[in-house]
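Trainee: Now for the letters of each chain:
2 protein chains.
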Amino acid sequence: MPDSIEKWDYFELTLNAHTSGNPFLDVTFEAEFTHQHRSLKVSGFYDGDNTFRVRFMPDVEGDWRYVTVSNLDALNGQTGEFICTPASKGNHGPVHVTNTFHFSYDDGTPYYPFGTTCYAWTHQGEALEEQTLKTLKEASFNKMRMCVFPKFYPFNENEPVYYPFERNAAGEHDFTRFNPEFFRHFEQRVGELCQMGIEADIIVFHPYDHWGYSRMDAESDYRYLRYLIARLAAYRNVWWSLANEYDFMLDRKPMEQWDEYFRILLAKDPYNHLRSIHNGDTEKNYDHTKVGVTHVCIQNWDTKQVKRWRRDYQKPIINDELEYEGDIVFPWGNISAREEVHRIWIMVTNGGYAGHGETYMHPQDILWWSKGGVLHGESWRRVAFLRKLMEEGPVGGLTPMEDSWVWTRVSGGKNGDYRLIYFGEHQPLSWIEGLPDSPDYEIDIIDTWEMTIRPGTRRIMKPFKAITGANPEPPRYELILPGKPFQAVRIRKR
Amino acid sequence: MPDSIEKWDYFELTLNAHTSGNPFLDVTFEAEFTHQHRSLKVSGFYDGDNTFRVRFMPDVEGDWRYVTVSNLDALNGQTGEFICTPASKGNHGPVHVTNTFHFSYDDGTPYYPFGTTCYAWTHQGEALEEQTLKTLKEASFNKMRMCVFPKFYPFNENEPVYYPFERNAAGEHDFTRFNPEFFRHFEQRVGELCQMGIEADIIVFHPYDHWGYSRMDAESDYRYLRYLIARLAAYRNVWWSLANEYDFMLDRKPMEQWDEYFRILLAKDPYNHLRSIHNGDTEKNYDHTKVGVTHVCIQNWDTKQVKRWRRDYQKPIINDELEYEGDIVFPWGNISAREEVHRIWIMVTNGGYAGHGETYMHPQDILWWSKGGVLHGESWRRVAFLRKLMEEGPVGGLTPMEDSWVWTRVSGGKNGDYRLIYFGEHQPLSWIEGLPDSPDYEIDIIDTWEMTIRPGTRRIMKPFKAITGANPEPPRYELILPGKPFQAVRIRKR
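These protein sequence lines map, in sequence, to chains A and L. For the first sequence, my numbering assigns the number 1 to the initial residue and increments by one for each residue that follows. For the second sequence, my numbering assigns the number 1 to the initial residue and increments by one for each residue that follows.
Derived by calculation from the structure, the hints in this document are not laboratory data. Small disclaimer: the values here were computed from a predicted structure and weren't measured. Check before you lean on any hint, since a few could be wrong.
Since the list gives no way to pick out one identical chain from another, each pair is judged satisfied if it fits inside one copy or across any two copies.
Only pairs whose alpha carbons sit at most 30 Å apart, straight line, appear in this in silico DSSO-like list of lysine-lysine [claimed, not checked]:
| id | residue 1 | residue 2 |
| --- | --- | --- |
| 1 | Lys388 | Lys462 |
| 2 | Lys268 | Lys284 |
| 3 | Lys493 | Lys414 |
| 4 | Lys134 | Lys89 |
| 5 | Lys462 | Lys484 |
| 6 | Lys307 | Lys284 |
| 7 | Lys41 | Lys465 |
| 8 | Lys284 | Lys465 |
| 9 | Lys7 | Lys137 |
| 10 | Lys268 | Lys7 |
| 11 | Lys304 | Lys414 |
| 12 | Lys304 | Lys484 |
| 13 | Lys304 | Lys315 |
Modelling step: build the complete structure from the supplied sequences, incorporating the hints.
Mentor: See the structure below:
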């Protein structure tokens with residue numbers, strides 16, 4: 001009986017081979033996986049202790065065969081087969097772009113990203129990492145932005161448990177020799193997120209570093225990226241985020257190098273996982289129209305620009321740093337919970353998506369945004385509430401309302417007969433724009449902060465003579481609203 | 001003994017003359033006023049009942065003489081003199097631009113505009129107009145945006161008490177014949193504002209009209225503007241605002257006509273009163289770099305753009321419609337009081353200015369923004385508080401802080417050693433940017449909503465190793481803040 005693997009899980013082939021040189025440099029090793037007329041080439045990798053592995057994520061049920069190719073005899077020409085069985089409940093496959101501006105899992109289930117950020121959570125040791133996972137079980141995030149490399153930055157002064165490269169006694173790295181223990185640990189965390197239905201938005205490079213990981217030469221960068229792909233691409237929940245704040249590394253990694261990373265991902269990731277790159281300076285967005293970029297990952301506090309980004313890039317927009325809820329000294333990490341929720345609602349109701357973050361001062365410097373731990377703020381529950389609303393809505397995301405100047409001031413999105421209008425800082429006592437004239441609609445009034453939903457009431461509006469004349473025919477209806485800020489309206493056909 | 005007139009009050013010469021035709025069209029009448037080597041030509045006007053008047057506001061103390069010139073013998077060659085005496089307390093003269101981005105009165109007293117809008121308040125009848133004046137006495141506004149013409153618009157369906165032109169029994173206007181009663185009433189209100197220290201920002205044209213005032217031909221427009229100048233320019237508190245929402249009238253008044261209005265003001269207003277023009281669509285700012293424009297009057301909810309406007313126009317910026325506090329159905333009139341105060345603080349701390357407005361639903365449609373009456377909201381008191389702070393600060397306005405990316409997210413302005421930092425939606429527990437290192441400064445923490453001011457405390461900051469190393473020399477100080485939104489900090493040299 002051949003092995004059986006659930007669709008979108010991964011098959012792993014392990015082979016042993018001894019090599020006298022540097023197995024990370026000297027050994028080529030890949031496998032070709034074939035189902036009927038379809039075959040994919042997948043890179044293998046060295047995992048230490050004379051062990052080589054190749055991982056493959058099948059996306060079609062049925063029989064798969066493989067054959068290995070290597071410059072080492074022990075790894076060459078090995079064949080085998082396995083059966084790909086149906087995906088179990090909760091396994092929807094990887095996420096891809098759908099309908100230009102949105103996402104869905106490969107099984108067609110819509111995916112609305114409501115992520116959070118814990119940049120360095122996998123570098124904090126067992127106790128804190130387990131606490132982070134526990135928190136994630138209780139929260140409702142479905143994406144995690146996380147760096148491969150550890151972070152050296154304010155509130156991040158601790159050394160990691162594992163280092164990604166071999167180090168000698170003097171602490172000098174050998175960038176040609178990966179530390180398999182580091183990557184096994186990182187993979188374990190990615191796999192645990194996968195089990196919880198959380199996409200791992202893996203940040204490949206970042207500038208906050210005192211180990212030299214952001215200053216490796218180009219060849220070492222490319223080798224590292226290929227190694228990451230070989231190890232991690234078979235995890236269905238992997239997204240590639242080439243950088244946190246690529247523009248802060250242009251002194252070390254010029255623009256053509258960033259383009260080359262995208263080309264490596266395009267060439268080496270057989271599953272075409274999502275690919276993005278994240279700016280630091282709000283004036284220095286990457287050119288997200290480039291073909292390697294699947295979706296726009298942006299840092300910008302000015303969320304009301306979302307319609308412009310949609311227009312400019314024609315790809316899904318995720319604003320993953322619209323500033324974090326918190327109280328630290330840095331302005332990117334000290335907005336109020338209300339403001340955090342407000343900005344996320346603006347992004348989503350205008351047909352974009354947004355990421356959560358939290359940076360409250362902590363006596364041991366355990367800030368969620370970097371180290372994980374527990375959530376201290378008030379926005380995360382409201383994000384969960386909004387996610388639920390979106391998932392209860394029609395399939396696919398929202399298209400921003402654009403038929404009137406009103407929607408430059410108030411946020412509104414639609415999908416077929418469905419409307420989600422967000423008033424934010426506006427507090428009208430009644431509303432008319434974007435409402436259906438027919439009674440065949442259910443209208444709910446949503447308090448985005450209190451997380452309440454109650455049926456809305458309409459009444460015939462007192463006409464504005466200067467606009468409609470004294471007795472407009474047919475009469476116009478207005479929706480009664482509570483006259484306080486941070487309200488929303490949901491309109492659904494009965 | 002010749003008459004005596006206080007500086008910046010006006011001298012009025014009244015002459016009687018009978019004319020059989022249309023005195024508004026047929027009679028030319030002006031006077032030249034001379035003090036030593038200086039002389040100014042001033043247009044006179046017909047005030048009905050065979051009465052002609054010419055008004056003159058002297059700006060230099062001492063003897064002034066005049067001689068009239070007219071095509072009517074009775075109005076020609078009349079001479080006289082008067083003495084200009086020192087200005088009394090509270091009379092600072094007209095307001096002009098100073099230091100590129102700011103304003104002061106002619107006597108050098110700084111003027112920080114904290115205005116409000118009651119578009120049609122002079123058209124509401126004695127009782128309501130007196131109530132408006134009473135409210136203004138209690139509030140702290142020092143500028144009023146007000147239309148000459150009445151307004152036809154939602155919540156404005158009443159006819160005015162007076163019409164600006166003669167009307168026949170059928171209600172048809174004769175645009176060649178002004179109604180002196182209308183203008184006498186309007187002047188009275190301008191004069192009453194002047195006595196209260198309130199600048200009258202007089203809106204010459206606006207589109208909200210069912211009488212035809214926005215659709216007169218160009219010649220009638222020019223005649224009307226010249227008549228306004230002749231009647232009103234001698235009031236020291238007059239500002240000319242050529243339009244509310246000029247871009248909504250481009251179908252009726254093409255761009256060259258707007259330029260011509262500015263040329264008429266430049267030619268006919270001997271006192272060079274402030275001149276501006278106000279957009280409707282936020283994408284359709286007038287080209288405020290044009291020479292006739294003394295300062296930028298803008299409508300834009302996105303107050304964080306103020307530094308861009310300063311850079312683009314190099315003139316004082318007043319955002320007079322950053323949306324109004326209220327709860328009406330239109331998004332320009334339903335932001336929360338907190339948001340109104342927030343936007344005004346952003347404008348001011350970034351070296352601009354802002355106008356207040358209020359649009360709460362009212363059973364008799366008496367909304368402050370148009371009809372006046374009483375204030376119902378909560379922002380006006382906070383505007384008064386901010387005005388007081390500005391007036392307690394150093395002479396001249398603020399220059400925005402620009403030396404760090406921090407100031408793209410948090411608002412800060414400076415003037416010499418003085419700093420005013422506004423955190424808005426940010427709620428840090430401590431702060432370092434823009435603080436002096438020396439102890440010779442008084443630092444206050446201001447709650448912009450609660451209107452409290454209390455001394456701030458500084459402490460040596462725990463260093464961020466990743467930025468400064470473990471023991472920076474000299475140590476850096478941080479200011480302790482309350483960790484809640486809508487706070488500000490004032491820094492003054494002892």
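Trainee: All hints, please: hold or fail.
Mentor: Quick rundown of the hints versus the structure:
no., hint, verdict
1, Lys388 x Lys462, "neither (36 Å within a copy, 41 Å between copies)"
2, Lys268 x Lys284, "within (28 Å within a copy, 49 Å between copies)"
3, Lys493 x Lys414, "within (12 Å within a copy, 54 Å between copies)"
4, Lys134 x Lys89, "within (21 Å within a copy, 71 Å between copies)"
5, Lys462 x Lys484, "within (21 Å within a copy, 41 Å between copies)"
6, Lys307 x Lys284, "both (18 Å within a copy, 19 Å between copies)"
7, Lys41 x Lys465, "neither (71 Å within a copy, 46 Å between copies)"
8, Lys284 x Lys465, "between (49 Å within a copy, 27 Å between copies)"
9, Lys7 x Lys137, "within (24 Å within a copy, 76 Å between copies)"
10, Lys268 x Lys7, "within (21 Å within a copy, 83 Å between copies)"
11, Lys304 x Lys414, "both (17 Å within a copy, 28 Å between copies)"
12, Lys304 x Lys484, "both (20 Å within a copy, 23 Å between copies)"
13, Lys304 x Lys315, "both (17 Å within a copy, 27 Å between copies)"
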